[in-house]
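Peer 1: Under the working numbering, read the sequence shown as residues 1 to 308, first letter to last.
Since the hints were derived computationally from the structure, they do not count as laboratory data.
A quick note: this is a predicted structure, and the numbers were derived from the prediction, not measured.
Please note: incorrect hints may appear among the correct ones.
When the alpha-carbon atoms are kept at most 27 Å apart in a straight line, the in silico DSSO-like pairs for lysine-lysine are as follows [to be verified]:
1. Lys27 x Lys73
2. Lys153 x Lys73
3. Lys202 x Lys235
4. Lys235 x Lys27
5. Lys278 x Lys235
6. Lys16 x Lys27
7. Lys163 x Lys73
With beta-carbon atoms standing in for the labels, derived distance ranges [unchecked claim]:
8. Glu98 x Tyr195: 27 to 35 Å
9. Asp116 x Met23: 55 to 63 Å
10. Arg223 x Val52: 52 to 60 Å
11. Lys16 x Trp157: 18 to 26 Å
12. Gln121 x Thr198: 46 to 54 Å
13. Asp116 x Tyr30: 21 to 29 Å
All residues carry an ideal CB built from backbone N, CA and C; glycine is no exception.
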Amino acid sequence: MGAKLYKYLAPDDLDKVFPIDGMCTLKCSYPKDFNDPYELFLTIDYNQRPDVLAFYREAIGQIPQYPTTCFSKSPDVVPMWAHYAFNHQGFIIEIDEEKLSAAFPEASFGDIDYRDTPNEQILEFLYRANATCKPRHIYFLQRAVWNAAYFTKSTLWLYEQEKRMVAHDDDIDNINNLMLIRIPIECVTALIVGYKATEKNKLDISAIAGQLGCSYYEMLVGRSSLKPYFVSPDKAVHSFVYGVITTNDNLCKTCKEPITKGNTHCAWCSISQNHEVKAAERNFLRRLSEMGMLDKYYKDMERISKGQ
């Protein structure tokens with residue numbers, strides 16, 4: 001099974017993504033317009049002699065600008081759902097990377113290299129090119145800088161698990177000042193809606209999945225894990241494991257949420273009535289409340305906390 005790519009989108013993007021039968025439309029941007037202004041600072045350490053920096057600028061010129069679209073390698077990144085999918089109200093398109101690559105054979109695909117310092121190897125390329133002035137050494141420098149410019153970000157963005165597709169201008173339609181790339185619909189393998197999506201959006205996206213012949217999932221947030229999980233229309237529970245959305249049979253017998261293998265219930269459903277009674281007996285604040293003293297206790301504690 002080929003690797004999958006995941007595009008997080010806001011709910012209002014649905015009509016923009018599937019406006020044409022047989023195609024999926026995604027927005028592209030030039031690197032200069034990315035949301036991280038410091039990406040180009042990770043090519044080389046700019047604290048060099050002026051003559052070396054002058055040669056560097058001369059050798060690489062302006063970084064070529066190619067249309068680029070960004071994906072995540074995972075559909076269960078909660079900050080991505082919050083940011084790009086409009087606080088879990090949006091949806092994800094799952095795309096087969098192998099089919100996408102076959103549809104755009106001239107495009108470049110690469111995982112983001114997350115780092116907080118420039119790549120020392122590029123600096124070595126610079127020193128060698130500056131010393132020899134040989135065309136091949138300048139070429140190696142240019143290629144290394146280009147790759148770093150497109151596929152390097154600060155570790156602050158590590159959670160995104162990003163992969164990028166760098167296309168060519170010939171692949172792009174420019175409409176209303178937007179760069180759009182049309183992806184064959186057979187590249188789309190699943191649609192996933194966020195757990196805060198409206199019922200209308202769920203129905204609309206489910207209907208589109210049916211028309212496309214791809215899988216449909218609803219993302220859910222459990223009580224016992226920081227990782228979301230997914231439910232298909234047949235109520236089967238799925239988890240994202242080793243790069244694939246797969247059926248999960250390790251479920252709590254009561255709430256049906258995913259649990260650790262070997263357990264029968266999640267932590268919350270393991271609480272018995274006896275546990276609840278004992279917890280209430282040991283909660284002295286409950287006693288204070290019953291005696292009408294809880295408000296005074298909180299006020300006294302506030303004064304103590306403030307050093308009064």
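Peer 1: Look at each hint and say if it fits the structure.
Peer 2: Hints and how they fare:
Restraint check for Lys27 and Lys73: the C-alpha separation of about 18 Å stays at or below 27 Å, so the hint holds. A hinted pair counts as satisfied when its Cα atoms are at most 27 Å apart, and Lys153 with Lys73 qualifies at roughly 15 Å. Between Lys202 and Lys235, the direct Cα distance comes to roughly 15 Å. Compliance with the 27 Å bound is thereby established for this hinted pair. A C-alpha spacing of about 33 Å is found between Lys235 and Lys27, which places the hinted pair above 27 Å, so the restraint is violated.
Distance hint between Lys278 and Lys235 is unfulfilled; the C-alpha atoms sit about 36 Å from each other, more than 27 Å. About 9 Å separates the Cα atoms of Lys16 and Lys27, which keeps this hinted pair within 27 Å; it holds. For the suggested pair Lys163 and Lys73, the alpha carbons sit about 7 Å apart, so the restraint of at most 27 Å is met. The hinted range of 27 to 35 Å is satisfied by Glu98 and Tyr195, whose Cβ atoms lie roughly 29 Å apart.
For Asp116 and Met23, the Cβ-Cβ distance of about 39 Å falls outside the hinted range of 55 to 63 Å, so the restraint is violated. Here the CB-CB span from Arg223 to Val52 is close to 57 Å, well matched to the stated 52 to 60 Å. The supplied range of 18 to 26 Å is met by Lys16 and Trp157, whose beta-carbon atoms lie about 25 Å from each other. Remark: the range hint 46 to 54 Å for Gln121 to Thr198 is upheld by a beta-carbon distance near 49 Å.
For Asp116 paired with Tyr30, a C-beta distance near 24 Å keeps the hint of 21 to 29 Å intact.
Checked against the numbered hints listed earlier, the structure breaks hints 4, 5, 9; every other hint is satisfied.
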